[in-house]
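Residue strings, one per chain:
2 protein chains.
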Amino acid sequence: MKRLLSAQSARALLVLASLAFVAHVFAQTDPLPSWNDGSAKRAIVEFVRVTTTEGSPGFVPPPERIATFDQDGTLWVEHPMYTQVIYCLDRVPDVVAKKPELKNREPFKTVLSGNREAIARLPMQDLYKILAATMSGMTVEEFNAEARKWLEAARHPRWNRLYTELAYQPMLEVFRYLRDNAYKTYIVTGGGQDFVRVYAEKVYGIPPEQVIGTAGGTKFVYASNGKPYLTKEPKLLLNDNNAGKPEGIHLMIGRRPYAAFGNSTGDRQMLEYTGAGAGARLKMLLLHDDAAREYAYGPAQGLPDTKVGTFTPALYDEAKKNGWTVISMKNDWKRIFAFE
Amino acid sequence: MKRLLSAQSARALLVLASLAFVAHVFAQTDPLPSWNDGSAKRAIVEFVRVTTTEGSPGFVPPPERIATFDQDGTLWVEHPMYTQVIYCLDRVPDVVAKKPELKNREPFKTVLSGNREAIARLPMQDLYKILAATMSGMTVEEFNAEARKWLEAARHPRWNRLYTELAYQPMLEVFRYLRDNAYKTYIVTGGGQDFVRVYAEKVYGIPPEQVIGTAGGTKFVYASNGKPYLTKEPKLLLNDNNAGKPEGIHLMIGRRPYAAFGNSTGDRQMLEYTGAGAGARLKMLLLHDDAAREYAYGPAQGLPDTKVGTFTPALYDEAKKNGWTVISMKNDWKRIFAFE
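Respectively, the protein sequence lines represent chains U and D.
Under this note's numbering, think of the first position of the first sequence as 1, with each following residue one higher.
Under this note's numbering, think of the first position of the second sequence as 1, with each following residue one higher.
Since the hints were made in silico from the structure, they are not lab data.
Some hints here could point you the wrong way.
Mimicking EDC-like on lysine to aspartate or glutamate, the simulated pairs with C-alpha atoms at most 16 Å apart in a straight line are [stated by the list, open to error]:
| # | chain 1 | residue 1 | chain 2 | residue 2 |
| --- | --- | --- | --- | --- |
| 1 | U | Lys202 | U | Glu173 |
| 2 | D | Lys184 | D | Glu64 |
| 3 | D | Lys184 | U | Glu209 |
| 4 | U | Lys219 | U | Glu142 |
| 5 | U | Lys184 | U | Glu173 |
| 6 | U | Lys227 | D | Glu318 |
| 7 | D | Lys129 | D | Glu233 |
| 8 | U | Lys103 | U | Asp126 |
| 9 | D | Lys109 | D | Asp90 |
| 10 | U | Lys202 | D | Glu64 |
| 11 | D | Lys227 | U | Glu318 |
| 12 | U | Lys109 | U | Asp126 |
| 13 | D | Lys109 | D | Asp94 |
| 14 | D | Lys202 | U | Glu64 |
| 15 | U | Lys184 | D | Glu209 |
Pairwise CB distance ranges (calculated) [unchecked claim]:
| # | chain 1 | residue 1 | chain 2 | residue 2 | range |
| --- | --- | --- | --- | --- | --- |
| 16 | U | Glu141 | D | Thr312 | 25 to 33 Å |
| 17 | U | Lys202 | D | Arg335 | 39 to 47 Å |
| 18 | D | Met138 | U | Asn239 | 21 to 29 Å |
| 19 | U | Leu112 | D | Glu101 | 54 to 62 Å |
| 20 | U | Tyr128 | D | Ser39 | 46 to 54 Å |
| 21 | U | Ala145 | D | Arg121 | 47 to 55 Å |
| 22 | D | Met138 | U | Met81 | 36 to 44 Å |
Ideal placement from N, C-alpha and C gives every residue a C-beta, glycine not left out.
Construct the entire structure; sequences and hints are all you get.
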């Protein structure tokens with residue numbers, strides 16, 4: 001039989017074919033396809049490799065694999081205003097209809113006026129009054145139903161999309177990648193725990209018991225027919241911002257996370273707490289530096305800060321000093337939204 | 001060939017063999033071997049069948065399968081005193097050594113006297129002082145290490161066994177059975193959340209994040225080297241008893257349980273809340289009516305009640321009225337402890 005190839009050529013072809021095969025498999029199984037190759041993507045992949053490779057010095061037993069994520073500005077768009085604040089402002093007319101005595105009282109009067117600039121200027125304590133009035137005083141089921149109805153209709157002015165469509169595709173891939181590697185993924189948000197729970201399962205695949213947020217108390221009461229139910233009370237149990245994040249993590253999880261993602265000073269203590277644990281720990285901060293595709297704000301940018309937390313220059317310095325990874329939305333993300 | 005059996009005999013033999021095989025398989029796969037056949041065992045098996053059979057009107061999607069369990073007196077022995085109270089009393093000498101000013105102050109003075117009868121007579125507010133002094137004022141890690149050390153040595157006076165060996169074998173089987181059917185099992189205890197978390201994973205297979213208990217606050221602080229840590233504060237965040245149980249369930253899980261197990265008035269609201277949900281719900285109360293193998297107390301018994309909650313006659317009546325299942329330790333449990 002005539003030889004079609006020399007042994008050498010055959011070997012070379014085999015090597016080429018193998019390389020092509022490996023590249024093909026890699027392309028198929030890239031767990032983070034919306035991420036550009038770069039230090040951020042490499043940090044995530046390396047962290048997963050080290051903590052899940054048995055025998056590796058950084059190996060973490062599966063029950064201890066906890067990853068925590070801030071929500072607003074880390075998992076979805078937080079500009080021009082937190083979605084929950086928009087929800088609460090939208091609820092004011094209904095609340096005033098039930099309690100007409102609020103109609104001429106501030107800050108409700110300003111909200112009812114519809115004057116966007118005046119509303120944007122409301123101080124934080126007025127916003128808290130609006131949050132308390134619209135997030136309490138009903139049963140847990142009533143609140144869930146109202147929030148769900150709103151979320152199915154309200155749209156972001158810039159994209160004309162439902163707010164729930166504005167989740168970041170690269171972060172959804174991180175969720176899946178971590179879960180495929182036995183990580184339990186938690187949201188740890190300054191936002192209202194009950195509000196985020198309404199959509200977290202559908203949007204992020206995160207069940208209610210893995211949503212930690214700013215939480216008000218509930219009260220167990222009986223209806224006149226003897227049936228018990230829970231009402232939402234205007235009583236703050238957990239302010240899940242800043243130091244409240246590690247405190248909330250201890251309260252609700254009882255383990256220190258191995259990975260934490262944030263985007264502002266509100267997440268600083270969560271990242272510090274994560275980083276203070278032994279072994280490999282992933283600490284990541286998302287930098288909004290993409291005015292074209294999303295927004296640019298933070299250290300090098302110019303958007304006005306009207307929010308609880310922001311990515312300050314001091315936080316940027318701390319990240320650099322402690323070896324946290326800064327994700328550049330502009331450079332690290334190939335695609336931002338699933339609908340793109 | 002000579003026929004050894006008539007067709008009729010062969011058929012009869014086949015039926016017998018099949019029955020023997022089915023019985024064998026059933027015996028092998030009985031998920032609750034420490035339970036006697038009876039209404040309690042049947043209620044559990046039927047609940048699991050109904051809620052996990054696709055197409056059944058009572059079917060519950062796996063993410064919603066939540067089961068909650070009281071701990072003291074439901075999962076392990078609570079007499080003559082809650083294990084945690086014994087722990088706190090044992091810790092008093094160490095606390096006084098660090099704060100000598102407590103030495104001559106009540107209730108510490110009485111505890112240090114070693115007078116068991118006087119200690120047993122301490123009123124509830126004195127017990128709270130002891131709990132606060134021994135469960136706070138240290139880092140989370142220090143507390144865990146102390147509690148772990150104690151649990152590895154302290155023994156129950158009656159059985160001379162570690163407290164952690166006094167978990168009820170039938171309940172461990174319920175845990176496994178429910179988990180095998182995609183139920184997420186939670187402890188919802190009036191005991192200290194951090195204390196129970198120290199051993200719940202090893203004893204019950206329940207991770208820290210699935211232990212809800214009476215919880216004090218923590219505080220995020222920095223050591224002089226800049227490393228952050230959490231200290232346990234003498235501030236009550238959640239009193240996880242009575243109405244605090246459903247309120248704690250909402251705070252920490254955010255879903256209504258489909259199954260709940262308790263043994264006292266402290267569990268009443270949790271069972272009522274569970275029962276108020278739609279569909280099949282399992283509500284079970286353990287009655288301690290076995291003085292020979294464990295203890296007898298509650299509706300028909302005589303042990304003095306020095307506890308937070310007890311199985312009162314009124315609770316027994318409510319259970320009967322609402323169709324809750326009462327588990328008789330004496331009649332429903334074939335075996336109580338794994339070491340028997």
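How the hints compare with the structure:
no.: 1; hint: U:Lys202 to U:Glu173; verdict: holds, 15 Å
no.: 2; hint: D:Lys184 to D:Glu64; verdict: holds, 9 Å
no.: 3; hint: D:Lys184 to U:Glu209; verdict: holds, 11 Å
no.: 4; hint: U:Lys219 to U:Glu142; verdict: holds, 14 Å
no.: 5; hint: U:Lys184 to U:Glu173; verdict: holds, 14 Å
no.: 6; hint: U:Lys227 to D:Glu318; verdict: holds, 13 Å
no.: 7; hint: D:Lys129 to D:Glu233; verdict: holds, 13 Å
no.: 8; hint: U:Lys103 to U:Asp126; verdict: holds, 15 Å
no.: 9; hint: D:Lys109 to D:Asp90; verdict: holds, 13 Å
no.: 10; hint: U:Lys202 to D:Glu64; verdict: holds, 14 Å
no.: 11; hint: D:Lys227 to U:Glu318; verdict: holds, 13 Å
no.: 12; hint: U:Lys109 to U:Asp126; verdict: holds, 11 Å
no.: 13; hint: D:Lys109 to D:Asp94; verdict: holds, 13 Å
no.: 14; hint: D:Lys202 to U:Glu64; verdict: holds, 14 Å
no.: 15; hint: U:Lys184 to D:Glu209; verdict: holds, 11 Å
no.: 16; hint: U:Glu141 to D:Thr312: 25 to 33 Å; verdict: holds, 30 Å
no.: 17; hint: U:Lys202 to D:Arg335: 39 to 47 Å; verdict: holds, 45 Å
no.: 18; hint: D:Met138 to U:Asn239: 21 to 29 Å; verdict: holds, 24 Å
no.: 19; hint: U:Leu112 to D:Glu101: 54 to 62 Å; verdict: holds, 58 Å
no.: 20; hint: U:Tyr128 to D:Ser39: 46 to 54 Å; verdict: holds, 52 Å
no.: 21; hint: U:Ala145 to D:Arg121: 47 to 55 Å; verdict: holds, 51 Å
no.: 22; hint: D:Met138 to U:Met81: 36 to 44 Å; verdict: holds, 42 Å
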